[in-house]
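So the protein lines, in turn, are chains W and L.
Just so you know, the numbering used here puts 37 at position 37 of the first sequence, and the rest follows in order with no gaps.
Just so you know, the numbering used here puts 384 at position 384 of the second sequence, and the rest follows in order with no gaps.
Hints are computed from structural coordinates only; laboratory data are not their basis.
Being a predicted model, the structure only gives us computed values, none of them experimental.
Worth double-checking, as some hints may not be accurate.
With a straight-line Cα cutoff of 20 Å, these simulated SDA-like cross-link-like pairs (lysine to any residue) come out [as the list claims (entries may be wrong)]:
id : chain 1 : residue 1 : chain 2 : residue 2
1  : L       : Lys355    : W       : Asp42
2  : L       : Lys419    : W       : Gln317
3  : L       : Lys416    : W       : Tyr314
4  : W       : Lys420    : L       : Lys351
5  : L       : Lys351    : W       : Gly320
6  : L       : Lys161    : W       : Asp147
7  : L       : Lys420    : W       : Tyr316
8  : W       : Lys60     : L       : Glu111
9  : L       : Lys20     : W       : Asp4
10 : W       : Lys124    : L       : Leu41
11 : W       : Lys355    : L       : Gly45
12 : L       : Lys192    : W       : Lys420
13 : L       : Lys416    : W       : Lys60
14 : L       : Lys419    : W       : Tyr316
15 : L       : Lys161    : W       : Phe150
16 : W       : Lys265    : L       : Lys420
In silico contact screen, one side only, chain L against chain W (beta carbon under 10 Å); selected entries [to be verified]:
id : residue
17 : Thr30
18 : Pro63
19 : Thr98
Cβ coordinates follow ideal geometry from the N, Cα and C atoms, glycine included.
Number of protein chains: 2
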Amino acid sequence: MHQDLQLFSELCDYLLAEEKNNPVAQPIATSEVYQKLNLSLDDDGIINQELISTLKSIIKHTPKTASKSFFNQLFGGRIGKATLGDLLAVMLNNSMYTYKVAGPQVGIEKEIIDNICKLSGYKKYSGGTLAAGGSMTNFMALLMARDYKFPEIRTEGISQKITLYTSEASHYSISKNAVLSGIGRNYVRQIKTNQKGEMSATHLDEVIQQDIADGRIPFFVNATAGTTVLGAFDDITALSKVCKNYNLWLHVDGAYCGSVIFSNKHKHLVNGLELTDSFSVNAHKMLGTPLGCSIIITQHISQLHHSFSNEADYLYQTDGDDFNLGKTSLQCGRRNDALKLWTLWKSVGTKGLEKIVDHQFELAKIARDYINFNPDYTLYSFEDSISVCFNYKDIPANLLCTGLYEDSELMVGFGKFNKKEFIRMVTINTVLEKEDIHNFFKTLETYASKSLLKNVVN
Amino acid sequence: MHQDLQLFSELCDYLLAEEKNNPVAQPIATSEVYQKLNLSLDDDGIINQELISTLKSIIKHTPKTASKSFFNQLFGGRIGKATLGDLLAVMLNNSMYTYKVAGPQVGIEKEIIDNICKLSGYKKYSGGTLAAGGSMTNFMALLMARDYKFPEIRTEGISQKITLYTSEASHYSISKNAVLSGIGRNYVRQIKTNQKGEMSATHLDEVIQQDIADGRIPFFVNATAGTTVLGAFDDITALSKVCKNYNLWLHVDGAYCGSVIFSNKHKHLVNGLELTDSFSVNAHKMLGTPLGCSIIITQHISQLHHSFSNEADYLYQTDGDDFNLGKTSLQCGRRNDALKLWTLWKSVGTKGLEKIVDHQFELAKIARDYINFNPDYTLYSFEDSISVCFNYKDIPANLLCTGLYEDSELMVGFGKFNKKEFIRMVTINTVLEKEDIHNFFKTLETYASKSLLKNVVN
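All chains should be modelled from the sequences, with the hints used to inform the complete structure.
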């Protein structure tokens with residue numbers, strides 16, 4: 001193992017240097033990837049030096065999500081203490097289902113859950129777990145809501161038309177999860193948003209009434225804290241009133257921006273969170289841990305047990321249910337995704353997490369200010385968001401983004417809202433500074449002018 | 001980052017030394033874990049030296065799944081080249097949904113899938129993906145089968161009584177997944193096994209006929225390659241005949257022992273695999289990668305798309321569907337769980353993986369031989385299995401296992417079959433040798449005699 005740890009160290013040095021010197025890896029066309037890189041798996045293995053040079057060539061061409069030029073996804077950057085925790089998790093290799101086999105790592109996961117419950121205003125009967133990604137935590141919320149209102153579904157299956165509600169700006173996993181859970185895509189209602197991308201409580205109420213009038217049974221509303229494109233926050237308090245009226249489970253999908261609970265300045269964006277039934281947040285997004293660290297909490301801890309528990313006497317052999325996390329998990333075996341958040345949180349404190357969150361909003365403001373002071377840009381996003389959406393000189397967003405990527409200049413994507421397509425720059429890499437944001441725009445502008453020139457010449 | 005990599009190196013040295021010198025960490029009672037270890041998350045962080053000493057105390061008490069005394073789960077041990085790959089995946093931190101953001105890592109995952117398809121005898125229209133654990137790959141198989149026979153469920157939800165079949169010795173996730181997918185636990189049929197724990201094709205046929213006679217619609221059969229307790233292999237060819245008769249999807253849950261496909265000597269245990277519709281295998285079990293590396297393949301690649309695809313134009317912006325793995329994934333964001341298997345496979349070759357698999361069967365034979373030659377032991381498991389099940393001197397298995405754990409002697413669990421409870425020793429740590437297996441028994445015997453003596457004295 002010591003030798004492999006040395007190889008790891010050598011490859012890390014190489015990766016960190018590449019990340020700095022070639023922050024946007026030169027992409028290889030999919031049609032050429034198997035010719036240009038030695039990816040084949042064969043009968044015989046390759047020895048250390050050949051393996052290392054093969055790995056270096058792969059690292060060279062792998063997109064650098066931690067570089068200063070990466071603004072493409074709802075994650076990015078690297079925070080040393082979080083990475084340390086995940087590296088340790090790989091070495092320790094505990095599965096989180098039982099205390100017997102995970103020991104104090106169970107205490108670490110529980111400590112995270114307890115503190116997130118407190119910060120969310122969740123009370124006595126709350127609890128939670130981790131799952132593999134925000135789609136899966138949303139899935140768990142949907143299942144808890146379904147089984148809470150219709151406990152017989154667990155034994156007898158679905159036999160009625162039951163309906164759920166989410167905004168048209170919400171994540172696609174809500175509809176997809178309705179398919180997985182046997183409810184059907186036709187029973188997902190896409191509720192209108194206002195011009196900022198926030199779900200309309202009035203339209204929600206109308207659609208619910210119509211469903212009831214038509215003989216269907218509403219059971220679940222999904223609110224979003226940070227929509228995928230604009231980064232908008234639904235008005236939880238307003239939606240909660242509707243949910244109380246009709247006795248519906250209210251879930252908040254905070255995968256992207258639920259981490260505002262750590263910030264005194266920004267937690268008002270999830271005002272009313274304490275009124276909800278479940279809440280999910282991805283620490284690998286705003287908190288900057290490595291992928292994945294997706295957390296879900298609920299104020300109905302018993303429902304978490306009812307929907308996900310299992311009897312397996314070959315597995316649960318010591319200790320109580322509270323410490324055998326498999327009893328409340330979607331999965332059976334589960335890697336330790338808690339430790340990376342714990343090492344970060346432990347080392348910077350809750351105040352440090354607050355700084356991480358606040359800084360991302362500051363970076364977004366720097367970007368918006370730049371755009372607002374420059375007439376060549378049009379801004380499409382709003383305050384209170386770390387998604388900065390814009391166009392530059394009427395250049396089609398998809399052309400500009402794809403060009404920047406293919407020519408190794410910047411990694412940034414595009415999105416759509418109200419039929420407008422625009423560039424979506426995500427200021428989620430918390431180690432960036434003002435000059436990095438300005439460099440982003442300078443790079444884009446230089447590229448655009450070169451690129452336009454090239455088009456003229458061609 | 002360099003400083004944190006140095007901390008990681010220091011903590012690895014500590015972990016490897018502990019693993020060797022204290023192979024079974026002293027367990028802390030759950031009631032004391034928060035007092036004995038500094039797990040609390042507070043407003044302020046702690047500085048490097050304090051963090052390191054805190055982490056060392058946590059590592060000290062965390063169960064050592066890679067030690068030579070760990071026989072407790074269906075995984076264990078550590079193989080350097082696989083660990084290297086997973087450590088790199090943490091540093092690279094790509095999400096596998098698009099080629100734009102994962103680049104050659106997509107090629108790596110596809111290369112693994114293609115080779116596993118070939119080894120399984122899967123033909124032209126086959127493909128697959130990775131998911132978070134064997135429960136989730138079984139879930140994907142169930143959903144594909146459901147949507148293949150009843151495509152309208154995706155839009156209209158479940159409205160009929162549809163039934164699925166699995167043996168009473170199979171993993172609990174089959175029933176749990178029937179609940180998640182809206183089918184209901186009452187429509188899962190537990191098929192009888194023979195005395196070796198293999199599903200009865202005759203009983204399967206009878207139960208299917210009864211369901212059809214009662215107006216229910218059968219659609220899915222789960223066969224197991226390596227049952228959880230005995231490690232038994234269902235007769236795929238026999239089950240396939242029944243499935244063809246009734247037009248049912250046949251899935252093989254090879255989470256535990258599906259890796260026999262790598263062994264010329266043992267692949268006969270999954271004879272008929274090429275006749276099945278889907279097959280799942282966990283590389284973090286027999287192939288010894290870190291958690292998790294769960295693979296599912298199917299001969300209906302279009303069904304993988306139909307059941308799991310999604311339209312998200314903010315996400316899929318370059319390249320074709322074939323290289324945008326999010327289109328066939330259960331999750332949206334997904335960590336890179338492929339690289340660890342690829343680094344292992346690349347470095348030892350398919351022949352090396354064969355050796356890994358074969359050695360585990362050899363270790364199991366060594367254990368069974370030891371038991372068979374010693375009249376103090378009773379053997380409950382069979383040949384062709386890496387689960388070695390036994391009792392020693394009529395000592396209740398649960399007492400002996402719990403004692404061995406609490407007194408830091410050995411990590412081993414117990415299981416049940418045909419109302420008999422016994423110790424289940426799993427010989428899955430491929431770096432072990434004959435003497436390690438003999439040491440296991442010597443330790444157990446010494447402990448039992450001390451322990452009996454103690455009981456007499458008390």
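Do the hints match the structure? See the list:
no.	hint	verdict
1	L/Lys355 - W/Asp42	15 Å, holds
2	L/Lys419 - W/Gln317	16 Å, holds
3	L/Lys416 - W/Tyr314	7 Å, holds
4	W/Lys420 - L/Lys351	54 Å, violated
5	L/Lys351 - W/Gly320	44 Å, violated
6	L/Lys161 - W/Asp147	18 Å, holds
7	L/Lys420 - W/Tyr316	17 Å, holds
8	W/Lys60 - L/Glu111	19 Å, holds
9	L/Lys20 - W/Asp4	18 Å, holds
10	W/Lys124 - L/Leu41	19 Å, holds
11	W/Lys355 - L/Gly45	12 Å, holds
12	L/Lys192 - W/Lys420	59 Å, violated
13	L/Lys416 - W/Lys60	51 Å, violated
14	L/Lys419 - W/Tyr316	17 Å, holds
15	L/Lys161 - W/Phe150	17 Å, holds
16	W/Lys265 - L/Lys420	60 Å, violated
17	Thr30	5 Å, holds
18	Pro63	5 Å, holds
19	Thr98	9 Å, holds
Violated hints for the displayed structure, listed by number in ascending order: 4, 5, 12, 13, 16.
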